[in-house]
Amino acid sequence: MAEKWIAIVGSSRKGKNTELITDYIIKALKEKEIDVEKYILSSENISTCSGCEYCIKTGECNINDDVSKIIENMKLSDGYILASPSYNYNMTAQMKALLDRTFCLNDYSEGRWKSRLSSNKKAIVVGTCKGKSKESMGYTVEGMKKALLELDIDVIDEIEYYDTKYMPVEMNEGIEGRILERIENNKKI
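Residue numbers (our numbering): 2 to 190.
FYI, nobody ran anything at the bench for these hints, they're computed from the structure. Certain hints may be false.
Claimed, not checked - The calculated DSS-like cross-link candidates involving lysine-lysine, where the alpha carbons are at most 30 angstroms apart (straight line), are: (1) 131 - 58; (2) 70 - 166; (3) 133 - 97; (4) 28 - 58; (5) 15 - 115; (6) 17 - 58; (7) 147 - 33; (8) 115 - 146; (9) 166 - 58; (10) 166 - 115; (11) 58 - 122.
Stated by the list, open to error - Each pair of labels, with its calculated beta carbon distance range: (12) 169 - 57: 19 to 25 angstroms; (13) 89 - 179: 34 to 40 angstroms; (14) 89 - 16: 21 to 27 angstroms; (15) 186 - 55: 41 to 47 angstroms; (16) 186 - 67: 31 to 37 angstroms; (17) 49 - 164: 41 to 47 angstroms; (18) 52 - 179: 37 to 43 angstroms; (19) 116 - 55: 16 to 22 angstroms; (20) 172 - 112: 52 to 58 angstroms; (21) 171 - 31: 18 to 24 angstroms; (22) 70 - 179: 31 to 37 angstroms; (23) 49 - 169: 26 to 32 angstroms.
Predicted model only: the values in this text are computed from it and were never measured. Built from N, CA and C at the ideal position, the CB exists for glycine as well.
Given the sequences, and given the hints that come with them, work out the whole structure.
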């Protein structure tokens with residue numbers, strides 16, 4: 002059976018740096034016969050977590066919006082691409098709101114933590130940044146990665162792209178090929 006992945010793009014700038022890199026990853030995954038469904042968070046109806054703790058008891062978030070659909074697809078998918086530009090040294094508010102809501106995927110019912118997701122889930126995390134260094138990226142990639150690791154998801158690759166101010170992805174002639182090769186050579190996919 003073919004794998005199914007979902008791509009979650011936290012950028013509001015459609016067709017720009019973060020989405021372009023995500024699309025290159027999707028193209029590479031499709032070459033491996035992996036089906037990918039893409040969500041653009043700025044196009045989704047997203048409510049923030051209210052901290053009600055309903056999910057701790059039930060495993061379900063009591064907020065019914067588009068995030069509920071994404072979380073249901075996370076349960077069914079084999080892998081994820083999480084991609085966000087760096088806004089003030091961190092992921093976008095939309096990505097943060099989504100990841101806060103994935104708290105319902107944590108199970109504390111037996112007095113200890115375990116993930117409500119089935120095992121063997123994997124992810125690729127993408128961060129883009131106008132700055133020229135890892136310091137400019139801040140916690141963007143680290144924050145997304147930490148939320149996934151908390152759910153026992155294997156982060157199999159981290160892709161960071163810097164200097165979008167002077168070298169946007171669309172002007173970088175070699176980036177698509179390098180990403181295709183990187184995904185092709187990743188033995189965990």
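Evaluation of the provided hints:
no.	hint	in the structure
1	131 - 58	violated, 42 angstroms
2	70 - 166	violated, 34 angstroms
3	133 - 97	holds, 23 angstroms
4	28 - 58	violated, 39 angstroms
5	15 - 115	violated, 36 angstroms
6	17 - 58	violated, 40 angstroms
7	147 - 33	holds, 27 angstroms
8	115 - 146	holds, 17 angstroms
9	166 - 58	violated, 46 angstroms
10	166 - 115	violated, 41 angstroms
11	58 - 122	holds, 24 angstroms
12	169 - 57: 19 to 25 angstroms	violated, 43 angstroms
13	89 - 179: 34 to 40 angstroms	violated, 28 angstroms
14	89 - 16: 21 to 27 angstroms	holds, 23 angstroms
15	186 - 55: 41 to 47 angstroms	holds, 43 angstroms
16	186 - 67: 31 to 37 angstroms	holds, 34 angstroms
17	49 - 164: 41 to 47 angstroms	violated, 31 angstroms
18	52 - 179: 37 to 43 angstroms	holds, 41 angstroms
19	116 - 55: 16 to 22 angstroms	holds, 18 angstroms
20	172 - 112: 52 to 58 angstroms	holds, 54 angstroms
21	171 - 31: 18 to 24 angstroms	holds, 20 angstroms
22	70 - 179: 31 to 37 angstroms	holds, 33 angstroms
23	49 - 169: 26 to 32 angstroms	holds, 30 angstroms
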